[in-house]
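Residue numbers (this note's numbering), protein chains in the order written: chain X, 1 to 264; chain C, 265 to 520; chain P, 521 to 773.
A couple of the hints might just be wrong.
[To be verified] Here are the simulated lysine to aspartate or glutamate pairs, DMTMM-like style, with alpha carbons at most 20 Å apart: (1) LYS133/X - GLU761/P; (2) LYS367/C - ASP753/P; (3) LYS189/X - GLU230/X; (4) LYS6/X - ASP69/X; (5) LYS6/X - ASP155/X; (6) LYS6/X - ASP68/X.
FYI, nobody ran anything at the bench for these hints, they're computed from the structure. Computed from a predicted structure; not experimentally measured.
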Amino acid sequence: MDDDWKRLRVSGLCKQFARGSVILSNIDLTVDRGAFMCILGPSGSGKSTLVDLIAGFEQPTGGTIAFDDSPVRGPGPDRVVIFQDIGNALFPWLTVQENAEFGLRNFVRNRRERRTRALEALELVGLDKDTHKFPSELSGGMKQRVQIARGLVMDPHVLIMDEPFAALDAITRRRMQYELKDLWQRTHKTVIFVTHDISEALILATDVTVLSSGPGARILDTFRPGLPDERDPADPAFIAAYRRVEALIGHVQDAGDAGRGEAR
Amino acid sequence: MPGHGIRRTAVVATLSILTGLAVWAVASGTLVSEVQLPHPHAVWQEAVAKAESGLLWESIRISLWRVGWGWAIGVVAGIATGLLLGELRGVDAVVGPIFEFLKGVAPISLVPIMILWFGIGELPKLLIIAYITWVVVTVSTMTGVREVPKVRLRAARCLGLSQLQVFYRIILPSTASYVLLGMRNGIGFAYIALVSAEFIAVDKGIGFLIMDSRLNLQTPLMVVGIISLGLLGSGSQLLYDAITLQTPWLSRFRRQ
Amino acid sequence: MIRPGRFGPLYGILLFFILWQVAAAFVGTPLLFPEPMDVMRGLAYMTETGELFEHLGATLQRLLVPLAVGMPLGAVLGCAMGASRDVNAWFDPYMRMANSTPAIALIPFALLWFGVTELARYSLVFYVGVYVVALNARGGVAQVPRLRIKAANTLGVLGASAFFRVVVPSSFPAILAGVRTATGLCIMVVVAAEMLGAASGLGYLIIRGRQNYDPTLIFIGIFGLGILSILFDRGIAFAIERFMPRWSVRRRV
Ligand SMILES: Nc1ncnc2c1ncn2[C@@H]1O[C@H](COP(=O)(O)OP(=O)(O)O)[C@@H](O)[C@H]1O
Ligand SMILES: [Mg+2]
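Please build the complete structure, drawing on both the sequences and the hints.
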């Protein structure tokens with residue numbers, strides 16, 4: 001894999017499960033290196049399917065996914081996914097430290113190096129004091145921090161986050177959003193962040209892509225919110241952006257209410 | 265794993281059974297003496313002979329009668345005990361260890377004392393089978409009552425149900441899945457108890473057939489007995505599953 | 521409302537002995553139903569002479585030696601069955617047969633093959649250990665959450681590596697549950713085998729009690745059996761909590 005990649009390009013992507021309806025149709029997406037791309041869409045629109053395709057868990061029915069010109073194949077540590085389901089995403093029999101080291105075992109021979117690299121990542125998310133705890137001893141927010149650290153350790157090209165904070169309570173969720181934003185500003189990792197929460201997207205994103213509701217979801221709009229670094233949900237510009245997305249999605253919901261009410 | 269189908273599974277399973285039969289047939293009389301491992305054909309002939317003479321059916325009939333009644337008595341007693349002990353909150357911590365102890369007492373170890381107490385009629389055999397079923401069903405029912413979600417009980421009280429109504433409209437249906445599971449586990453234990461009783465208190469039945477054929481070195485009959493027992497055991501469980509899964513008002517409790 | 525608190529089990533033991541005493545007094549014939557004190561006296565005597573430990577040791581050895589070999593083998597077999605449909609299809613018919621035939625029914629067969637020897641008893645316990653743990657391990661592998669495998673894959677841990685580092689550890693609790701089930705079943709099998717032919721062990725004590733018309737000895741055997749089962753079951757649970765903290769029930773998220 002080329003380390004000087006410039007952009008991740010998704011073009012003409014289609015997905016249809018065997019004998020099912022078309023889930024995604026003709027998705028075009030360009031994620032520049034260092035960008036924070038938020039993919040916004042209602043539940044059931046196919047966001048997780050899109051994540052599965054980019055991560056390599058599923059094969060597209062049509063279209064390509066490539067870093068510049070080299071197409072991605074299968075799952076790999078250059079595109080680490082952070083899952084929403086904190087109950088299952090961590091390995092309950094491993095400590096925080098061991099969870100963070102999990103992926104390194106196959107790539108870094110030296111035990112000391114694995115330890116220090118995991119510890120660095122845990123420090124980044126503020127968990128360097130809890131390395132010997134087990135996941136069952138952590139709160140939801142802390143578990144999600146472990147997952148982020150475990151991904152960062154692999155130094156991926158992109159960090160793909162699939163509604164990572166959706167299972168957290170509203171206060172923790174907001175705190176995690178600002179922490180993630182801070183983390184991104186310090187590391188300048190490329191992030192693809194999937195959410196159904198408009199303000200979450202607008203707080204975090206440099207780029208926003210709005211998906212229509214499924215089945216056969218397509219891209220309704222892609223834009224740069226053009227908001228200042230310090231985002232304030234009370235800022236008129238923020239509110240204007242919010243209204244704009246809401247109008248897009250609201251329009252879609254009028255058209256097809258059938259796609260709603262699905263939770264995964 | 266994709267590309268595998270049900271058909272492939274069936275082919276492999278069939279191959280496996282055929283290989284097993286072939287190994288058995290070849291080993292018998294060559295690697296192992298025919299007394300220790302009779303030829304499959306000899307076993308088949310023995311089964312046919314004993315089916316024609318009626319001995320096999322008579323033994324099956326007696327064993328089924330014992331296991332059926334013993335199990336049924338144990339189930340009724342177990343549900344009653346389990347509901348009673350489960351309802352008395354806090355009691356489970358006291359009686360829990362007692363039932364743990366009872367569950368650990370192998371049915372076969374009770375056979376001598378039962379014979380001492382009740383002679384060698386049908387009663388001791390029924391009691392041993394009923395006993396182990398009773399323990400299994402009681403424990404399971406008690407667990408079921410204890411695990412009824414508190415919220416569900418509170419919801420019932422909010423909706424104005426009386427104590428009695430709470431019992432038979434909330435606790436009974438909430439416990440049903442545990443009871444059904446306990447009854448199913450009870451089948452396996454009932455068969456263990458059946459064999460235990462028939463091995464030691466010798467007179468009739470499939471277990472007796474197996475034990476008797478050992479003394480007479482009639483190994484084909486022994487194998488026929490063991491296979492019949494396996495078929496009866498799995499047949500009973502299949503029947504139980506069919507009944508509980510096909511009966512609409514029962515099947516809803518088996519999915520949980 | 522009863523509030524037994526942490527002494528609940530102690531009350532339970534007390535209640536057990538009271539019930540026993542009442543029943544014995546009701547029957548009124550020690551030759552049919554010995555009182556708890558008779559049995560305790562007998563136990564004390566056998567402890568003094570060392571006979572008790574001899575028989576307990578014999579039963580324990582028949583349990584532990586073959587299980588120590590059989591259960592790991594069962595775990596490997598079960599994981600292989602969970603991993604490959606072909607392996608599963610190959611062994612599944614035999615697993616079904618084993619599961620539907622009470623192992624006790626095979627005792628005469630084992631005695632026929634190996635005579636009244638230690639090997640006959642070992643082979644039975646070994647067989648039960650293998651198939652029970654295998655069935656549990658297979659179930660454990662089948663129930664590993666798909667997301668856990670995805671989580672490993674996305675970190676670059678794929679294929680066999682993901683199987684050994686995620687699927688096998690994930691099914692470990694199911695395997696441990698199988699260990700407990702197998703031990704419980706094997707205690708029954710060992711005692712039955714001892715009653716049908718052995719010169720030592722708890723099952724032998726029961727048979728000797730029957731032959732000598734000594735109900736106290738029968739009761740000692742039964743009592744020892746119940747205690748042994750509890751100790752084993754609790755012992756395994758305790759050992760997991762104490763020595764394998766990763767696998768403790770509390771750790772399961
Ligand atoms: N493996 C699959 N096979 C068939 N349909 C699927 C599969 N995975 C997801 N779907 C369907 O695709 C649609 C989109 O699902 P998903 O990508 O999870 O949406 P989102 O993450 O936006 O909520 C849903 O209707 C879902 O039922
Ligand atoms: Mg989703």
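Here is what the structure says about each hint:
no., hint, verdict
1, LYS133/X - GLU761/P, "holds (16 Å)"
2, LYS367/C - ASP753/P, "holds (11 Å)"
3, LYS189/X - GLU230/X, "holds (18 Å)"
4, LYS6/X - ASP69/X, "holds (10 Å)"
5, LYS6/X - ASP155/X, "holds (16 Å)"
6, LYS6/X - ASP68/X, "holds (6 Å)"
Checked against the numbered hints given earlier, the structure satisfies every one of them.
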